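Protein chains: 4
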Amino acid sequence: MKDFKSLLSNYKVIFFDSYGVIRNYNGLIPGIRQTFEWLQNESKPYYIITNDASRSPDLLAEKLHANGLDLIKPSQIISSGMLAKEFLDLKVKTGVVAYMGTPDSAHYIEHPGLEIIPIQEVNEKNSDQITALVLLDDEGFEWLDGINKAVNLLRWRSIPAIVANPDGAYPISKQEVGIAIGGISWMIEKITGKKFIRFGKPDSQIFMFAWEMVKAQFPDITKKDILMVGDTLHTDILGGNKFGLDTALVLTGNILPEDAETRIIGSGIAPTYICTSAVIDNQLSIYEG
Amino acid sequence: MKDFKSLLSNYKVIFFDSYGVIRNYNGLIPGIRQTFEWLQNESKPYYIITNDASRSPDLLAEKLHANGLDLIKPSQIISSGMLAKEFLDLKVKTGVVAYMGTPDSAHYIEHPGLEIIPIQEVNEKNSDQITALVLLDDEGFEWLDGINKAVNLLRWRSIPAIVANPDGAYPISKQEVGIAIGGISWMIEKITGKKFIRFGKPDSQIFMFAWEMVKAQFPDITKKDILMVGDTLHTDILGGNKFGLDTALVLTGNILPEDAETRIIGSGIAPTYICTSAVIDNQLSIYEG
Amino acid sequence: MKDFKSLLSNYKVIFFDSYGVIRNYNGLIPGIRQTFEWLQNESKPYYIITNDASRSPDLLAEKLHANGLDLIKPSQIISSGMLAKEFLDLKVKTGVVAYMGTPDSAHYIEHPGLEIIPIQEVNEKNSDQITALVLLDDEGFEWLDGINKAVNLLRWRSIPAIVANPDGAYPISKQEVGIAIGGISWMIEKITGKKFIRFGKPDSQIFMFAWEMVKAQFPDITKKDILMVGDTLHTDILGGNKFGLDTALVLTGNILPEDAETRIIGSGIAPTYICTSAVIDNQLSIYEG
Amino acid sequence: MKDFKSLLSNYKVIFFDSYGVIRNYNGLIPGIRQTFEWLQNESKPYYIITNDASRSPDLLAEKLHANGLDLIKPSQIISSGMLAKEFLDLKVKTGVVAYMGTPDSAHYIEHPGLEIIPIQEVNEKNSDQITALVLLDDEGFEWLDGINKAVNLLRWRSIPAIVANPDGAYPISKQEVGIAIGGISWMIEKITGKKFIRFGKPDSQIFMFAWEMVKAQFPDITKKDILMVGDTLHTDILGGNKFGLDTALVLTGNILPEDAETRIIGSGIAPTYICTSAVIDNQLSIYEG
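Protein chains in written order, with my numbering: chain F, 4 to 292; chain G, 4 to 292; chain C, 4 to 292; chain S, 4 to 292.
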């Protein structure tokens with residue numbers, strides 16, 4: 004097998020990571036539109052599985068549309084924020100939920116019966132009413148104030164603390180990374196000793212969410228029929244492997260082509276395939292992981 | 004609500020941990036038989052969800068029967084070993100699988116097309132054929148030899164390493180604990196730098212396995228209808244909470260009654276209920292977590 | 004032995020931690036002045052050994068004087084910043100040193116031949132000249148900007164990264180803690196994978212610094228003649244114990260009287276003595292650790 | 004500067020690591036005898052600083068002599084076991100000290116007033132008398148029994164736990180490593196939650212021990228006059244750097260020539276020099292780190 008199209012042809016359903024696979028800090032990965040046009044023509048179902056909880060699936064789709072990829076529908080996007088939402092629906096029925104993130108990210112914690120406040124509004128007086136803390140995005144609050152408030156809230160109150168994006172950092176330019184809310188959660192966890200609940204790849208629950216959507220539509224599908232395509236070993240590939248899916252690592256994001264082998268051997272996380280990109284006209288681009 | 008029977012009455016399906024809830028190093032928890040007789044009479048479905056991968060569900064059921072609890076059928080037992088088995092079925096189709104554990108535990112990795120060898124038989128010559136390493140039980144191998152062989156195998160080969168019991172230690176008498184295979188996996192992981200795949204509570208995948216069995220039989224069930232009963236905060240309660248279930252901590256295992264509050268506050272892992280035990284005739288035994 | 008004065012009488016030299024022992028967020032610990040007057044009258048030498056690298060010994064002494072404790076001279080204060088300074092003197096002879104902290108804290112890295120810049124002034128262009136990164140204080144920079152710049156600097160350049168205060172957090176009021184620069188260093192270390200050099204208790208090097216000063220003045224002293232008085236198990240007591248000193252835990256800072264036993268048993272870090280405070284007129288306040 | 008002899012000429016005192024620098028699993032590093040003959044002829048003082056606490060300096064010297072290097076005297080060997088010994092002398096004056104290691108390693112904990120027992124003889128009855136646990140060597144006990152006994156001892160008793168060799172693993176043949184007692188201590192620490200006291204490089208205390216011996220003989224020496232030669236980044240180089248010494252990484256042990264750059268960049272631990280080996284006739288072997 005020599006090209007990405009033949010690889011996709013071997014599976015009935017495709018899961019894609021978004022950042023580093025479909026788009027990056029510069030916009031769409033050049034040529035990626037062809038991949039989704041081909042999937043559309045083939046009527047091959049696909050889903051975007053993303054650890055981006057900074058905005059709702061609607062707004063995530065809008066962003067892709069604005070970038071020139073108007074084929075992807077909100078209903079095809081599964082974000083880690085949706086798991087946080089389900090958790091609150093099931094486990095936190097009343098009270099005030101404090102969140103770290105922008106107002107856009109707060110979409111995921113809006114719920115009849117719950118009041119929500121940004122972390123900067125937490126204080127010694129209202130902390131008694133708070134029933135959960137949800138970390139959604141690294142923006143939307145002043146770090147010194149917000150992170151210290153989160154630490155103190157968890158010292159005062161024994162409440163669930165949820166992180167909807169377990170990533171530590173993400174590329175913001177060719178040279179630079181930005182610390183993600185997952186990285187901030189490591190510091191809060193170590194300082195307070197409190198255990199966070201993490202949703203998002205590599206955790207199985209986000210794959211299960213996608214899996215149940217696929218099964219509802221295609222009851223005969225098995226895990227062997229699904230390929231997970233991602234750019235990050237510790238989230239996309241580890242999570243896909245663990246869930247029992249075949250996995251394809253693409254080299255348009257977190258891992259540079261020259262580092263792939265070292266990173267795979269160093270971590271012991273091996274994809275089923277390694278591909279230069281998720282663009283379908285690539286020639287000679289695939290080898291077995 | 005004052006007793007364990009009323010609590011069970013509020014749910015349609017019950018998940019139980021085994022060790023520390025149903026039995027311990029002394030045999031059955033006194034009186035626990037009544038709980039299962041009542042569940043049987045009420046036709047209330049229940050499942051045992053255990054991180055014990057030391058033997059097959061058949062043998063785990065046999066052990067409970069030998070202890071005097073003959074009501075529980077193998078088909079009601081979901082062990083973390085079953086997840087390891089599913090992983091191998093989906094992801095490791097050929098070659099030789101090395102395992103740490105007793106011959107009884109090797110049940111989980113028997114698979115047409117796979118050869119299996121205990122860790123003590125791994126050497127520099129046959130290591131080329133090995134396609135996965137599975138940690139099942141802390142017995143069945145001499146530690147110095149077996150743990151060193153596992154470390155070297157993972158240095159030589161970039162293969163999946165799976166742990167089917169994430170527990171660090173377990174009580175073996177009133178005063179003593181024994182290190183579990185999960186504890187051994189921490190040392191191997193830190194020395195080799197390789198990332199292990201961990202199955203078993205608190206990871207969601209074992210709950211999903213149970214959830215799919217329940218849904219197949221009772222399609223209308225929701226997560227709100229299920230109660231998870233366990234004795235360990237970091238596995239039963241954290242895992243149940245994360246999956247979206249209500250949780251009941253019982254004080255017949257890992258956590259002594261006098262420590263419950265400190266441990267819950269220290270870890271931030273809060274059960275929905277705290278009960279002195281899972282025996283149904285307890286009076287005045289429940290308070291909200 | 005029943006009071007703090009008799010305890011001090013048993014040792015020839017006393018080492019004190021500052022924050023939580025001599026002063027806290029409210030100013031001096033009430034009555035502490037008597038302790039230092041008595042030491043002065045007895046001509047018993049003492050030193051303040053502090054993880055506070057936010058300002059020079061001169062300014063640290065000034066702060067104690069302003070609080071009403073004018074007996075302590077700058078030459079009696081040994082701060083973790085002095086170790087960072089020694090490291091730069093010995094190991095970083097040229098180039099530009101970037102620092103996180105206030106201009107006051109930058110005192111420690113001023114050195115003929117070295118240029119110093121605050122973290123906020125680091126950019127892709129000047130990063131080539133940077134030869135070390137020193138974390139001194141949690142103030143003096145905007146967190147989002149400064150912490151992200153530190154992460155990227157360590158990704159671009161293989162240079163020594165030094166933390167002059169290993170504490171994770173410190174009390175800023177009766178109810179609240181603030182994250183210290185040591186806590187921030189944990190996050191940077193985990194995200195970048197780079198190993199930090201940590202100066203300050205419990206590390207031995209700060210005790211060695213004090214020890215060499217004591218030996219220069221009193222050549223016959225032995226470690227058995229020195230008592231370390233502190234409020235924090237993981238820094239003062241662990242560090243003092245490891246260096247071979249007798250240690251006294253006081254309960255006016257990080258550890259509440261009701262938690263002392265649990266914290267000692269939980270951590271396994273046992274002081275030689277536990278005292279309600281370092282104020283010398285305390286009655287019946289000491290028991291063996 | 005092009006060869007190892009010129010490098011040594013630039014320093015007044017040399018510190019050497021032993022394993023991986025002077026000898027390995029095959030015996031002496033070929034040619035290393037010349038280096039010590041030259042040092043002897045030049046009357047340049049040198050010390051061996053080793054994390055090997057498996058036997059006394061006398062027996063460590065005997066082993067080098069048996070290998071053909073009879074120039075090194077026991078008084079020139081400083082082992083991490085000597086720090087453990089000093090700790091017991093200062094801090095543990097009575098009772099029974101339990102140890103993990105061979106009878107040879109127990110040399111370090113022999114002390115008038117202390118009874119010593121190997122870990123395998125600890126039980127519920129005698130554990131009340133035990134006043135410290137010391138980890139010296141990975142041999143001398145059956146692992147399953149010994150490691151479990153250590154875990155339970157630390158659960159029952161709040162006593163100091165000391166590790167005299169912080170290494171996780173060491174090469175035992177060209178292809179294989181063996182887990183060291185430091186690696187075992189990580190598992191015990193994680194399972195029990197108790198904080199260990201670690202002696203040996205990279206901790207400063209072993210360098211201080213050597214430094215005080217050097218100062219006693221050569222009062223005018225400064226840290227700039229000393230070179231630390233080692234094969235391991237996380238112990239020899241990090242420890243030497245932190246103590247303020249110039250450091251030379253040699254490639255005859257833990258780090259293969261082809262991996263040196265990646266390992267240095269990945270860890271951020273940079274030696275002052277990188278040398279192919281510590282053999283003095285090497286040509287063109289040195290470049291600046």
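Check the hints yourself; a few may be wrong.
Copies of one chain are not kept apart here, so a pair can be met inside one copy or by any two copies together.
[What the hints assert, rightly or not] Derived DSS-like pairs: lysine-lysine, alpha-carbon spacing no greater than 25 angstroms straight-line:
1) Lys177 with Lys128
2) Lys226 with Lys15
3) Lys128 with Lys227
4) Lys227 with Lys66
5) Lys76 with Lys15
6) Lys198 with Lys47
7) Lys177 with Lys47
Calculated from the structure, these hints are not laboratory results.
Note that the structure is predicted; figures quoted are calculated from it, not measured.
Results of checking the hints against the structure:
In this homomeric assembly, lysine 177 and lysine 128 come within 25 angstroms of each other (Cα to Cα) only across copies, at 14 angstroms, whereas the closest approach inside a single copy is 44 angstroms. With identical chains, the CA atoms of lysine 226 and lysine 15 are at most 25 angstroms apart within one copy only, with a shortest distance of 10 angstroms there and 29 angstroms across copies. Neither within a single protomer nor between protomers do lysine 128 and lysine 227 lie at most 25 angstroms apart by alpha-carbon distance, with minima of 53 angstroms and 32 angstroms respectively. Taking identical chains as interchangeable, the C-alpha atoms of lysine 227 and lysine 66 are never at most 25 angstroms apart, the minima being 31 angstroms within one chain and 35 angstroms between chains.
Within a single copy, lysine 76 and lysine 15 get their C-alpha atoms as close as 19 angstroms, which meets the 25 angstroms cut-off; across copies the closest is 37 angstroms, which misses it. Taking CA atoms no more than 25 angstroms apart as the test, lysine 198 paired with lysine 47 passes in neither setting, with 40 angstroms inside one copy and 33 angstroms between copies. In this assembly of identical chains, lysine 177 and lysine 47 lie within 25 angstroms of each other by CA distance neither inside one copy nor across copies; the values are 33 angstroms within and 51 angstroms between.
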